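Construct the entire structure; sequences and hints are all you get.
Chains as they are written, first to last, in the working numbering: chain A, 1 to 175; chain B, 176 to 303.
Treat the hints loosely; a few may be bogus.
To be verified - As a list, the in silico SDA-like pairs of lysine to any residue whose alpha-carbon atoms are at most 20 Å apart:
1. A:Lys128 - A:Phe49
2. B:Lys191 - A:Val84
3. B:Lys191 - A:Gln75
4. B:Lys191 - A:Glu87
5. B:Lys291 - A:Pro40
6. B:Lys191 - A:Lys128
7. B:Lys191 - A:Leu89
What the hints assert, rightly or not - Computed spacing ranges between beta-carbons, pair by pair:
8. A:Gln148 - B:Arg195: 42 to 52 Å
9. A:Glu36 - B:Gln289: 33 to 43 Å
10. B:Arg198 - A:Ala132: 38 to 48 Å
11. A:Ser39 - B:His254: 55 to 65 Å
12. B:Trp252 - A:Thr37: 51 to 61 Å
13. B:Ala287 - A:Ile118: 21 to 31 Å
14. B:Ala206 - A:Glu3: 35 to 45 Å
15. B:Ala287 - A:Glu147: 20 to 30 Å
16. B:Thr267 - A:Lys130: 44 to 54 Å
None of these hints come from the bench; they were simulated from the model. These numbers were taken from a predicted model, which means no experiment stands behind them. Even glycine gets a Cβ: it sits at the ideal position worked out from N, Cα and C.
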Amino acid sequence: MTELENLIAECISASTVQVFSTMLEAQIGPCRVAVETGSPEANDGVVSFIGLAGSWAGAGSLACSPATACRACSQMLMTETTSVNDEVLDAVAELTNMIIGGVKTDLENHLGPLGLSIPTVVYGRNFKTKGAGSTEWVVCSFDWEGEQLVVKVCLAPSEEARFPHHLPGHVALEV
Amino acid sequence: MESDILVVDDSAAIRKILQRVLRQTGMSIGAIHEAGDGVEAVETLKTRKVDLVLTDINMPRSDGLQLLAAIRGSAEWKHIPVVMITTEGGETKVADAVRLGASGYVRKPFTADQIKEKLTGFLEAVLP
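Have a look at this one:
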């Protein structure tokens, strides 16, 4: 993994642990880190996406099973939820917003200002997702009470970041 | 005397969490009104007593900065404390909010203690 990929993984891990601790009062275990380069496998469940833009651009994503989405919603809102509904999708979107928002904040110290879009959530079976172009994702897989929750981020320099003089004072990163 | 608060966020989940967290703080809070964006918030301000506005920054249609500008530009509402809620760690939007007259800001994720610490002074100041 490159220096940037390691940094992104650390940011994802720290932000996810903090959001779960603060908003769900839940402990989430250490993550397994991988880099996804090919076409991702088909999904079943809930996937949320949020765009990142600035001198670097890309996206963040959170994916989990319907049962995990319901559990997260129940613990966030302190309600009993057993099936995926608008409230669950809204809670997953907000979780994604806070986790990737935290990653964005940490990465801004190294990459300069980044913007965050409004999240989009998909719920279904046997669907595939793909970013435009050949994108590498830093994938962090967490175990939460026996279920898996996957948070991933892809980032690539946009045109202005290809020229180092546009990033004064920022750490040089291998990409 | 109880304070009435207007919570503005496009996420129903966050509005629900804020309702709970505000009640948990033990502050003397009366009605908690909700709005999904700046446009709905302005409509609520026209018809309800509001002592403090707690608003997200990033929202579709009319965001928190537009709402803040509308409040500070109104003779009727300009005295109302407006506390921004944001996932934006970057200083740009926070600086924009301060320049427009935000009373303070809370960063997501937040705890009940953080909300209480941020709001107590403002609520004490607006109550007789």
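Against the structure, the hints come out as follows:
1. A:Lys128 - A:Phe49: Within the cut-off at roughly 13 Å; holds.
2. B:Lys191 - A:Val84: The hint holds at about 17 Å.
3. B:Lys191 - A:Gln75: It holds: about 12 Å lies between the C-alpha atoms, which stays within 20 Å.
4. B:Lys191 - A:Glu87: Between Lys191 of chain B and Glu87 of chain A the Cα gap is close to 10 Å, so the pair holds against 20 Å.
5. B:Lys291 - A:Pro40: violated (44 Å)
6. B:Lys191 - A:Lys128: With a Cα-Cα distance of about 32 Å, the restraint between Lys191 of chain B and Lys128 of chain A is violated, given a limit of 20 Å.
7. B:Lys191 - A:Leu89: holds (14 Å)
8. A:Gln148 - B:Arg195: 42 to 52 Å: Once the Cβ atoms are compared, 28 Å apart, the range 42 to 52 Å for Arg195 of chain B and Gln148 of chain A is violated.
9. A:Glu36 - B:Gln289: 33 to 43 Å: Since the Cβ atoms of Glu36 of chain A and Gln289 of chain B sit about 35 Å apart, the hinted range of 33 to 43 Å holds.
10. B:Arg198 - A:Ala132: 38 to 48 Å: holds (45 Å)
11. A:Ser39 - B:His254: 55 to 65 Å: Holds - the Cβ-Cβ distance for Ser39 of chain A and His254 of chain B, about 56 Å, lies within 55 to 65 Å.
12. B:Trp252 - A:Thr37: 51 to 61 Å: The hint (51 to 61 Å, Cβ to Cβ) holds, given that Trp252 of chain B and Thr37 of chain A are roughly 53 Å apart.
13. B:Ala287 - A:Ile118: 21 to 31 Å: holds (26 Å)
14. B:Ala206 - A:Glu3: 35 to 45 Å: violated (52 Å)
15. B:Ala287 - A:Glu147: 20 to 30 Å: Holds, at about 27 Å.
16. B:Thr267 - A:Lys130: 44 to 54 Å: violated (31 Å)
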